[in-house]
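All chains, full assembly: derive it from the sequences and hints.
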Amino acid sequence: MSSRRIAVLALQGDFAEHEQALASLGVETFEIRQARDAQQEFDGLVIPGGESTVMGKLLRELDLFEPLRRRLVEQRLPVMATCAGLILLAKDIEADATRHFATLDVTVRRNAYGRQLGSFFTTGTFADLSQVPMSFIRAPSIERVGSDVTVLASFGGRPTAVRQGHQLAMAFHPELLTDNRIYSYFLENVLP
Amino acid sequence: MEQATQAELNRNLAQMLKGGVIMDVTNPEQAKIAEEAGACAVMALERIPADIRAAGGVSRMSDPQMIRGIQEAVSIPVMAKCRIGHFAEAQILEAIEIDYIDESEVLSPADDLYHIDKTAFKVPFVCGARDLGEALRRIAEGAAMIRTKGEPGTGDVVQAVRHMRRMNAEIRRIVSMREDELYEAAKELAVPYDLLVQVHRNGRLPVVNFAAGGIATPADASLMMQLGAEGVFVGSGIFKSGDPAKRAQAIVKAVTNFRDAKLIAELSAGLGEAMVGINADEIRTIMEERGK
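Line order of the protein sequences matches chains W and V.
Residue numbering for the first sequence follows my numbering, starting at 1 and increasing by one per position.
Residue numbering for the second sequence follows my numbering, starting at 1001 and increasing by one per position.
Don't read these hints as lab results, they were simulated from the structure.
Mixed in with the good hints, there may be bad ones.
Claimed, not checked - Example chain V residues on the side facing chain W (calculated, C-beta under 8 Å, incomplete): (1) E1002; (2) Q1003; (3) L1013; (4) Q1015; (5) G1019; (6) E1035; (7) S1075; (8) A1095; (9) E1097; (10) D1099; (11) A1120; (12) V1123; (13) P1124; (14) T1256.
Computed from a prediction, not measured in an experiment: that's the story for all the values here.
Virtual Cβ for every residue (Gly too), placed ideally from N, Cα, C.
Listed below in structure tokens is the structure:
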């Protein structure tokens, strides 16, 4: 497992926190900030929290969008995405004509819980893990899931974490907390 | 079991802004330009610092109606400034659900002794600091994010550089101390001992630290990132320049790839006129000295 190399999209947001979490599990990571970084060998991709508008724009302007999209679609690159990362993967975004990778068959709603005063913390189950801490920061919600999508966690009757084959995405931020079980889930179940 | 408090959720929002550029805007049109250029948040204010400096007089919190207009125009976080110590202005900003309050030396201070007790609020605050002592005092009062003060509205980056270097040099000094020396250091810096212990153990501030004040070019942004900033605020530098959209985009890309000089050379080419700089030594209103 330790021989696997994970790329962390480092255009904007809390990518350093993902790197720390993976490092604590003994996983090697490197940052993708521009096109040449993405030409390296890697076994999985992490898309961090941050602002999806910023990352979506920089992905295109730094010529990263097509190469990464192709790897997601053609090579079924394993990916773990949190918050803004979920928005980048979503097939549909409510009340927004913008689409990014659009590889994950869900519809999301941006800032679904309102502004920062609506940010919250809760604990819940994630797949067969119990009492998983979850921080939602100006979080999106998942309003619809496709038939190939498995719901792994929910809050208030709406899914908050989903998996579709090689894609794992959630509206909350495991990278902000010390509980690393969701990373272990990604490494053990989603990575081949 | 692990829990996150409101204070932690507020620090977390600053973590989401890292590696990004927060831009000053004065109306919904500018806010849209900033969002489209890749700003990770906007600071809504009636007058940018360069104009506040030119106008003189008393500078206050912006009209809530103007702030609401900007909140409606963009999907990214919206920040707004209140005067140092003016907790009633802060209450108003919280009531209109601003995402972050900047208790800012750019506005005229309302209290020359006390800062706002930010722990009494649910909404997060960012505060300016010139050194580690100021930063930790603001964090003790409840600030969830720190920025250098720099000297706003000048386009002169020298003060931001001085503040970032000083803060990081002090952090390195605290890290190198024996644990039993931290009691005396806390006294000398006039900061809570517990916060100093966190700095000693982690080698960084307990909250995210951005650069602000006088940043006007992609090179300025790269300089501040290389000196250890986790992101930058650009105030007057964008909408006081010849081609705001182009300059804003260039600064956003320079922050993401702050070590790639070849890319920043391309980004810096043909940007049009930068804001007219004012040498920080030649001005009469020294904003950085407000609030210690």
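Do the hints match the structure? See the list:
1. Interface restraint check for E1002 of chain V: the shortest CB-CB distance to chain W comes to about 4 Å, inside 8 Å, so the restraint holds.
2. Interface hint at Q1003 of chain V: satisfied, since its Cβ lies 7 Å from the closest Cβ of chain W, which is below the 8 Å cut-off.
3. Among the interface hints, the one on L1013 of chain V holds; its C-beta lies about 5 Å from the nearest C-beta in chain W, closer than the 8 Å criterion.
4. Nearest Cβ of chain W to the Cβ of Q1015 of chain V: about 4 Å, under the 8 Å cut. The hint holds.
5. Using the Cβ-Cβ criterion of 8 Å, the hint placing G1019 of chain V at the interface with chain W is satisfied: the shortest such distance is roughly 4 Å.
6. For E1035 of chain V, the interface hint holds, the least distance from its beta-carbon to any beta-carbon of chain W being 6 Å, beneath 8 Å.
7. The beta carbon of S1075 of chain V comes within 6 Å of a beta carbon in chain W, closer than 8 Å, and the hint placing it at the interface holds.
8. Taking 8 Å as the C-beta cut-off, the interface hint given for A1095 of chain V is violated, the closest approach to chain W being about 10 Å.
9. Using the Cβ-Cβ criterion of 8 Å, the hint placing E1097 of chain V at the interface with chain W is satisfied: the shortest such distance is roughly 5 Å.
10. With its C-beta approaching chain W no nearer than about 4 Å, D1099 of chain V sits inside the 8 Å limit, and its interface hint holds.
11. A distance limit of 8 Å between C-beta atoms decides the matter here; for A1120 of chain V the minimum to chain W is near 15 Å, and the interface restraint is violated.
12. Nearest Cβ of chain W to the Cβ of V1123 of chain V: about 6 Å, under the 8 Å cut. The hint holds.
13. Because the closest C-beta pair between P1124 of chain V and chain W is about 6 Å apart, less than 8 Å, the hint holds.
14. Given hint, T1256 of chain V at the interface with chain W, holds; its Cβ is 5 Å from that chain's nearest Cβ, closer than 8 Å.
Checked against the numbered hints above, the structure breaks hints 8 and 11 and satisfies the rest.
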